[in-house]
Amino acid sequence: MKKVLIVTYYWPPCGGIAVQRTLKFVKYLQEFGWIPVVYTVSNGEYPERDPFLEQQVPASVVVLKRPIWEPYQLYKLFTGKQSGIQVNRNNLRSTGKGSITERLSFWIRGNLFIPDTRRFWVSPSIKFLTHYLAKDKVDAIISTGPPHSMHMIAMGVSRKLGIPWLADFRDPWTTMDYYHDLMLSPFADKRHHTLERKVLQQANSVVVVGEFIKKEFDNKGAGHVTVISNGFDESDFVTPEVVSLDKEFTLAHLGSFFQRRNPLALWNAIASLKADKHPVGKHIRIKLVGRVDPSVLKSIKENGLEGNLDLIDQMPYKEVIRHMKSAQLLLLPIDDFEGSKWVLTGKLYEYLAARRPILCIGPLDGDAARVIGESHAGKAFDFADVGGIKEYLVETYEQYKLGELKIQGDGIEKYSRKELTRQLAEELNRISK
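Residue numbering for the sequence shown follows the numbering used here, starting at 40 and increasing by one per position.
Keep in mind the hints are simulated off the structure, nothing from the lab.
Wrong hints could be hidden among the right ones.
Claimed, not checked - Using 30 Å as the maximum straight-line C-alpha spacing, the simulated DSBU-like pairs for lysine-lysine come out as follows: (1) Lys457 x Lys380; (2) Lys418 x Lys321; (3) Lys453 x Lys253; (4) Lys104 x Lys357; (5) Lys418 x Lys364.
Please put together the full structure from these sequences, using the hints given.
Printed below as a string of structure tokens:
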């Protein structure tokens, strides 16, 4: 058995999709000859929490937790916001109407906290881990980002101790959707690109979640880029009893629903069906589970769909799974921005595991549309394709009435977390020879 140190910011009790990838790698690595040691924060500023996820951490895994200082409290004092309120970068991007203090805070975040607000954890972590690993040796290091400060920690430790290092990117860096919202000065922009290039070129292995990010990083001179997609853990979808399908024609979205993924064409399509007095317009239930941006609710209201809406608060992950499995249709809106082709949210793979039809709205030549098409798990539509969405809703509604609404789900086994962890272990074996 070999040992690997995993440097991550997101870790239980943190909830949400960001923690899932690393948690599942840790859960299954020992089956493939690697003992994980996790290094994370003891006081993270998490947007949501799910204590249930702590039960999935193997009891044998060593978890090192160290305190981190983040500037959120200063930001809240400066803007007069309450605890838990974050910068609304969506409004800054789409309207430019953020308050003066919020815009100034956002400028400070982008230009002074490089690569991100966790930068103050980098030096103390390198010092601590260098001392720790001198006695408790490991055979490799994994860093996972964003936040990309985790890569800076791993790079520093790898340099000092000569330990092979794998940089795992759940999202890209300088082509991330919010990157240009940061109001970067030329100096700050150059600094981000410099750090990104260093990580890509100095890591022994770079792992990404999709083909578009691989192409981007290959073009930026990364040494060795491997695609290991996101996926689903089959054990999460095993329930004590059979989960029955919703009796109503439900279109469900599970997870955070941000402004940048607000599917205006969908709301227009449902409103049009309602105006046509088609049964879909009357009977469809729009089920939104989790945090929903006010702009999304505003769009629903403007289209006269409040009577079709079911809002459900955040809940533990195991309950989210039940809603996925019971929905008639699952909604997957892709963030609408210049680089949206690379977006491969972990939600997509969980939807596949739920084995319910997916209505995806995003680029037709993007990675998400490709996965859905290959799996025969639903259909993707362009951001503005109102007509196509209407036709699909009518088609699936007819199948729902006949009790025949289902998917083929071809080849989704390759997205199981255990199989993906096997691929990660192979990459670790390659760099640690």
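Going through the hints against the structure:
no.: 1; hint: Lys457 x Lys380; result: holds (26 Å)
no.: 2; hint: Lys418 x Lys321; result: holds (22 Å)
no.: 3; hint: Lys453 x Lys253; result: holds (19 Å)
no.: 4; hint: Lys104 x Lys357; result: holds (25 Å)
no.: 5; hint: Lys418 x Lys364; result: holds (18 Å)
The structure is consistent with each of the numbered hints, conforming to all of them.
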